[in-house]
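Numbering-wise (the working numbering), the sequence shown opens with residue 2 and increments by one.
FYI, nobody ran anything at the bench for these hints, they're computed from the structure.
Backbone N, C-alpha and C define an ideal beta-carbon position, used for all residues, glycine too.
Incorrect hints may have been included.
Unchecked claim - Derived lysine-lysine pairs resembling PhoX-like cross-links, with alpha carbons at most 20 Å apart:
(1) K26 x K86
(2) K138 x K223
(3) K131 x K160
(4) K160 x K138
(5) K168 x K134
(6) K160 x K183
(7) K168 x K223
(8) K177 x K160
Stated by the list, open to error - Distance windows between CB atoms, simulated:
(9) G221 x Q38: 21 to 31 Å
(10) V94 x E207: 27 to 37 Å
(11) A65 x S187: 49 to 59 Å
(12) Y184 x Q38: 50 to 60 Å
(13) Q35 x Y184: 33 to 43 Å
(14) K90 x E176: 19 to 29 Å
(15) N228 x K160: 15 to 25 Å
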Amino acid sequence: MESIGVLLLCPVLSYLDQELDNRYKLYRYWNYPQSVQFLEEHANSILAVVSGSNYSTDDALIDALPKLEFVSSFSVGVDHIDLNKCREKGIRVTNTPDVLTDEVADLTIGLILAVLRRLCECDRYVRSGKWKKGDYKLTTKVTVILFVDFCIASNFVAKRTEGFNCKISYYSRTEKPESNHKYYPSVVELASNCNILVVACPLTEETHHIINREVLKALGPKGVLINID
2 MESIGVLLLC PVLSYLDQEL DNRYKLYRYW NYPQSVQFLE EHANSILAVV SGSNYSTDDA
62 LIDALPKLEF VSSFSVGVDH IDLNKCREKG IRVTNTPDVL TDEVADLTIG LILAVLRRLC
122 ECDRYVRSGK WKKGDYKLTT KVTVILFVDF CIASNFVAKR TEGFNCKISY YSRTEKPESN
182 HKYYPSVVEL ASNCNILVVA CPLTEETHHI INREVLKALG PKGVLINID
């Protein structure tokens with residue numbers, strides 16, 4: 002029986018590369034600089050594409066693979082995959098949702114503290130010996146954190162902020178009845194009532210430029226914008 006052809010668009014961890022190579026006929030796309038010639042020779046034997054978030058599975062590539070049945074991406078987002086084209090051709094798409102949710106939530110708290118408590122500046126202040134000349138100027142307390150799109154990641158962040166005794170509010174396309182946090186019907190209204198605005202929504206046509214001049218003006222010169230998506 003002929004092995005299933007798998008097109009790997011980008012280098013992966015060695016164990017994954019080895020597993021794919023052991024189980025399938027693996028084509029490492031970066032080894033074929035003449036991509037047009039490669040596709041002409043091997044397109045009919047490729048049934049699956051494996052990629053990461055920085056490598057596009059666009060309509061041109063999909064159309065060039067007439068036997069393609071499966072696109073797998075080791076990423077949370079799928080912005081790099083032409084989902085409409087896959088839907089049109091009945092191609093199945095998989096990704097790795099929530100695989101980094103805890104890590105993103107932890108780093109979000111780290112970013113908030115680093116900005117408000119000026120941790121990086123404080124570190125440089127101590128290392129430079131300036132502490133001997135006087136106290137460091139005051140930092141800002143975490144008081145109100147608001148989320149653009151209350152998704153799984155932002156929910157994980159919200160749970161981590163409970164120990165800071167700060168208020169949590171959010172904006173989403175629809176109000177979340179299961180949430181105990183205050184809901185705002187617009188991003189501008191949300192930004193007007195916080196000192197930290199966390200963007201947790203995926204990039205879509207609807208969310209493109211959702212943080213515009215009006216939102217930044219509402220957030221104000223002392224506000225903090227954190228993008229975790």
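For each hint, the structure was consulted:
1. K26 x K86: violated (25 Å)
2. K138 x K223: Distance ~16 Å between K138 and K223 Cα, so the pair holds.
3. K131 x K160: The hint is violated at about 37 Å.
4. K160 x K138: Since the Cα atoms of K160 and K138 sit roughly 30 Å apart, the hinted pair is violated (cutoff 20 Å).
5. K168 x K134: The hint is violated at about 37 Å.
6. K160 x K183: The given pair, whose Cα atoms are some 15 Å apart, holds under the 20 Å limit.
7. K168 x K223: holds (17 Å)
8. K177 x K160: The given pair, whose Cα atoms are some 16 Å apart, holds under the 20 Å limit.
9. G221 x Q38: 21 to 31 Å: violated (56 Å)
10. V94 x E207: 27 to 37 Å: violated (20 Å)
11. A65 x S187: 49 to 59 Å: Since A65 and S187 have Cβ atoms about 43 Å apart, the given range 49 to 59 Å is violated.
12. Y184 x Q38: 50 to 60 Å: This hint holds: roughly 55 Å between Cβ atoms.
13. Q35 x Y184: 33 to 43 Å: Violated - the Cβ-Cβ distance for Q35 and Y184, about 54 Å, lies outside 33 to 43 Å.
14. K90 x E176: 19 to 29 Å: Given a distance of about 37 Å, which is not inside 19 to 29 Å, the answer is violated.
15. N228 x K160: 15 to 25 Å: Holds, at about 20 Å.
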